[in-house]
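> Put chain L on the given structure of chain Y with help from the hints.
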Amino acid sequence: MVTIYILLLFVIIASIIAVETRKLLSAVICIGAVGFGGSLLFLFLRAPDIAITQIVVEVLGLIILIRATISRDVTFISGDREFFGMVVSIVILLVITVAGIRVLGTLPAFGTPIISQVSDAASNTYIKEGLAKTGAANIVSSVILDFRAYDTLGEATVLFTSIIGAMVILRKKSRKLLEEPQE
Amino acid sequence: MNGMTVIVKTVSSWVKLLIFLFGIYIIIFGHLTPGGGFAGGVILASSYILLMLAFGRNFAEENLSFGWASKLDCVGALMFAALALCGLFYGGAYFFWNFIQQRYMSEGDNVLKLVSAGTIPLANIAIGLKVMTSLFLVTLVLSTFRLDGTVKEKE
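Here the protein sequences line up with chains Y and L, keeping their order.
Numbering-wise, my numbering puts 144 at position 144 of the first sequence, and it's gapless, one number per residue.
Numbering-wise, my numbering puts 71 at position 71 of the second sequence, and it's gapless, one number per residue.
Treat the hints as calculated values from the structure; they're not laboratory data.
If you're wondering where the values come from, they're calculated on a predicted model, not measured in any experiment.
Hints are not guaranteed to be accurate.
[To be verified] Heads up, simulated DSSO-like pairs for lysine-lysine below, C-alpha to C-alpha not over 27 Å straight-line: (1) L:LYS113 x Y:LYS133; (2) L:LYS113 x Y:LYS128; (3) L:LYS16 x L:LYS71.
[As the list claims (entries may be wrong)] Some chain Y residues well away from chain L (every beta-carbon gap over 10 Å; in silico): (4) ILE29; (5) THR53; (6) GLY111; (7) ALA149.
[Stated by the list, open to error] Sample of chain Y residues with no beta-carbon within 12 Å of chain L, all distances over it, derived: (8) LEU9; (9) ARG22; (10) VAL95; (11) ILE127; (12) VAL140; (13) ILE164.
Just so you know, even glycine gets a beta-carbon here, dropped at the ideal spot from N, CA and C.
For reference, chain Y alone in the conformation it holds in the complex:
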């Protein structure tokens, strides 16, 4: 429980910095920190699938945002700071490698379901009580539209966002053209 509160504090501080900072690139990096903190939160709240989704979306969004802002806001790094940055990145890479190897060691063997190892896994409940609680013969439907419908609400919003994204990217000045069609 304490880790969740610490992560929550980290996310809140990072989002405050993202709003208050002057530099665009720093704001983008702070947004990335918020996203990765959120994915860690999901991991500690025992929702690993959402954590994976969050990380994938966060990495993609961060790359796109940095690519979009880096031409407007360039900071040059030289001398000692370059060496310092290299040391920091090597240390972070080592930590991630060690952690990844240890995580891979705790995974169940290939082919064995996780229900057989964790007795109070959520998927156990879905299989045992899915039919009685929802009445749907298709258990996939009963999971995505009843037990985890909140997730589906978010997924439906993704489509809405995709339309907005397509329109924003493609129409630069077409709103003016739509208002006054004849030039």
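Chain L alone, transformed into the frame defined by chain Y:
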């Protein structure tokens, strides 16, 4: 941009109705057989996209105009949210409580019937509506606006 050849037009005018019906089947039987709102919505959208590819953008837009598509999109989203709020206010303590199943249907009574599973078929219909119109709108937007920001002229 008047579409493709006569062969493509003839075949797609026969096939479009079957695709549409199949999409509706996938959505309505989503709680009994594999499928559901997302898959059925994509199939429904593909019938409209087939129209758009074969007969040109203007023909597809006469069948399902931009305004109607966005209205149906909003209807789907609001229906889904309304189901969630109904679960919240009908005595259940949380979002997306399956209030029809818990209140008005007894346990395991009508399994494998079309009318079963409470709010799940309704949610499937809402999601199908939303996915269909959203994909149609994305394709329409991508084919309408050029990359330099100008609108392609209607021919």
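> With reference to the structure, classify each hint as holding or not holding.
Each hint tested on the structure:
no.: 1; hint: L:LYS113 x Y:LYS133; in the structure: holds (16 Å)
no.: 2; hint: L:LYS113 x Y:LYS128; in the structure: holds (20 Å)
no.: 3; hint: L:LYS16 x L:LYS71; in the structure: holds (23 Å)
no.: 4; hint: ILE29; in the structure: holds (29 Å)
no.: 5; hint: THR53; in the structure: holds (15 Å)
no.: 6; hint: GLY111; in the structure: holds (23 Å)
no.: 7; hint: ALA149; in the structure: violated (4 Å)
no.: 8; hint: LEU9; in the structure: holds (26 Å)
no.: 9; hint: ARG22; in the structure: holds (30 Å)
no.: 10; hint: VAL95; in the structure: holds (38 Å)
no.: 11; hint: ILE127; in the structure: holds (15 Å)
no.: 12; hint: VAL140; in the structure: violated (7 Å)
no.: 13; hint: ILE164; in the structure: violated (10 Å)
Violated hints for the displayed structure, listed by number in ascending order: 7, 12, 13.
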